[in-house]
Amino acid sequence: MQKQFPVEQRFAVLMKAAQAGDTSAYVQLLEEITPRLRQAIRRQRMFLDPSDIEDLVQDVLLSLHAVRATYDPERPFMPWLFAIMKNRMADSARRQIRVSAHELQVDDLAVTFSDNPENIDEEAYRDPEALRLAIDRLPQAQRQAIDMLKLRELSLKEASAVSGMSIGALKVSVHRAMATLRKVLKDG
Amino acid sequence: MDTNTLIRQLGAEGEPVRPLARPWARTVAWLAFGAVYVAAVVIMMTPRSDLLLKVSESRYLVEQCAALLTGIAAAGAAFASVIPGMNRRLLLVPLVPLAVWVGSLGQGCLLDWVQFGAGGLSLQPDWLCFPAIALVGAGPAVTIAWMIRRGAPLSPHLTAALGGLAAAGLGNFGLRLFHPQDASLMVLVWQFGSVFILSILAALSGRYVLNWQSVTNRVRARAVVGR
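Protein chains in written order, with the working numbering: chain Y, 1 to 188; chain P, 1 to 227.
For the record, the hints were derived by calculation from the structure and aren't laboratory data.
Here a beta-carbon is modelled for each residue, glycine too, at the ideal position from N, C-alpha and C.
Among the hints, a few may not be true.
[To be verified] No more than 20 Å apart at the CA atoms, straight line, and that leaves these computed lysine to aspartate or glutamate pairs for EDC-like:
#1 K171(Y) with E15(P)
#2 K171(Y) with D136(Y)
#3 K186(Y) with D127(Y)
#4 K171(Y) with D147(Y)
#5 K54(P) with D182(P)
#6 K16(Y) with E74(Y)
#7 K16(Y) with E13(P)
#8 K16(Y) with D2(P)
#9 K171(Y) with D187(Y)
#10 K16(Y) with E32(Y)
#11 K157(Y) with D112(P)
#12 K150(Y) with E129(Y)
[Unchecked claim] Sample of chain Y residues at the chain P side, in silico, Cβ under 7 Å:
#13 P6
#14 Q9
#15 V13
#16 A20
#17 G21
#18 L30
#19 E31
#20 P35
#21 Q44
#22 M46
#23 F47
#24 L48
#25 V57
#26 H65
#27 T70
#28 W80
If we strip away everything but chain P, and leave its shape as in the complex, we get:
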């Protein structure tokens, strides 16, 4: 097909499209849905009995805020990453709350070690974390996957990793509302580790979820049918 023919066919297909909302607006929309979903799962799983006590502890609050902000910033960065011409430095924003999150967990480990010695850093298996974070993050994950597919697949792996981090960050935030596990090392290994693994898995699936081939094949197929 020569280029002029293609232009005519694309022109004939140029039905109105609604421009995507700005990344921050899409983040708010995603968060609104995610908050409802996470709240529903937390209520279903029964919130932890000491929740009111925990929200007055600064360490718990810092870790929870950092997890939540990591999720929100990662979602914003994922939405920005599918807009051509967007400043790529925006994609680094999630690193700030992520550093605070890891830093506060690391500091917690250090304090436990100083206070209780080697016994303060005991590590027991906590296999609930991975499936629980995946369950709490499932709704936000599906939503963000659907939303980023409306954008341009400029960097599939990075976008998917950010989407995975957003969903898993929100999932971890929800998990700690019903799962009474606060030992810093346990949280760092089992919970943050699960978030990390889920983000890597999301990154690996990036090219399957987002790729130019499938995006342009749909247009190409319509163009051929319309000939």
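Next up, chain Y with everything else stripped away, as it sits in the complex:
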């Protein structure tokens, strides 16, 4: 029966069923559109890592889910979906620009010296007990991110696989955790 419909109409029918609470139709729809989203994002953002593309795909799926009431069953499905996708891609690019504007890329320094002024600030943080207590007081997600990325020195991919958190969420958690730790340790 479904083969009679072109893809576009089948998606519209599945989405209409999903809005009515048919969870199997919804899962089928999400499974069918995911490769299309992945392909479309990869085509438009060829410079991104596969993990970043996957983050974007997940963002689009989450957005679709959150605003699925805005789909009008009388209107075509694909323009609705691609409008969300393009908007999320633009949103992600803006966020990336904002984040990179506040980030400072520094080359790894092979050697530092004890009289190097940079090390003097570092000394203020070298109270292992205070650091341990500060880490213990972090929210669970941030504590987990610090533990995996800074203490156990896992890569983002490994930490994501272990924790189930997305790479984006890990980056945010560790960034917030570092900011909190810096503030807590500085305030004493």
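With the hints as your guide, set chain P onto chain Y.
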């Protein structure tokens, strides 16, 4: 979380949702509430004594109709702007009544100048306008903010500006039913100026009221809790 797991979790959360009504239908609903609220405020503030006389003046009628239509068109455009895939040209529709509104006020200023010279364009302070428009537009503003938050935050600043223009346009329409100030320059500067400022303030608040982060975080949190 891998994508297949996310799909399964979203599927498990796929409770029924009622599709949003079309933008024009939502505009009618918003206007119905807004009209009741504005009428209540106008009655509370006491309608101007010369209202019956004013409604027979074509200039007053044109300006009032233009303000009201600007509010209605801006509300329709705001509702359209939160529907993915909607024709973006619809967002330009409010410019038509807005141009008529500004044009009629500009023409009024010109006629006052021709008729009375520089004295016809005197500008006195009228500090009531801003808070009064904000008060009359408050009900429609809260309602439209609540309604547009049910949509997709595709262009937060533009949507919020249109929502602000809708509420302030309706607010200005209500203001002129109880505030006896009709000199074109005064209306242009103090009343239209207030509408403009309120729309800008609304636009600036756009990203706080509407953003993908808060929309998807709610879903993400439910997905994590449901794991």
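Notebook entry, point to check: Of the numbered hints stated previously, which ones are contradicted by the structure, given in increasing order?
Noted result: Checked against the structure, the hints that fail are numbers 1, 8, 9, 11, 13, 14, 15, 20, 21, 22, 23, 24, while the rest are satisfied.
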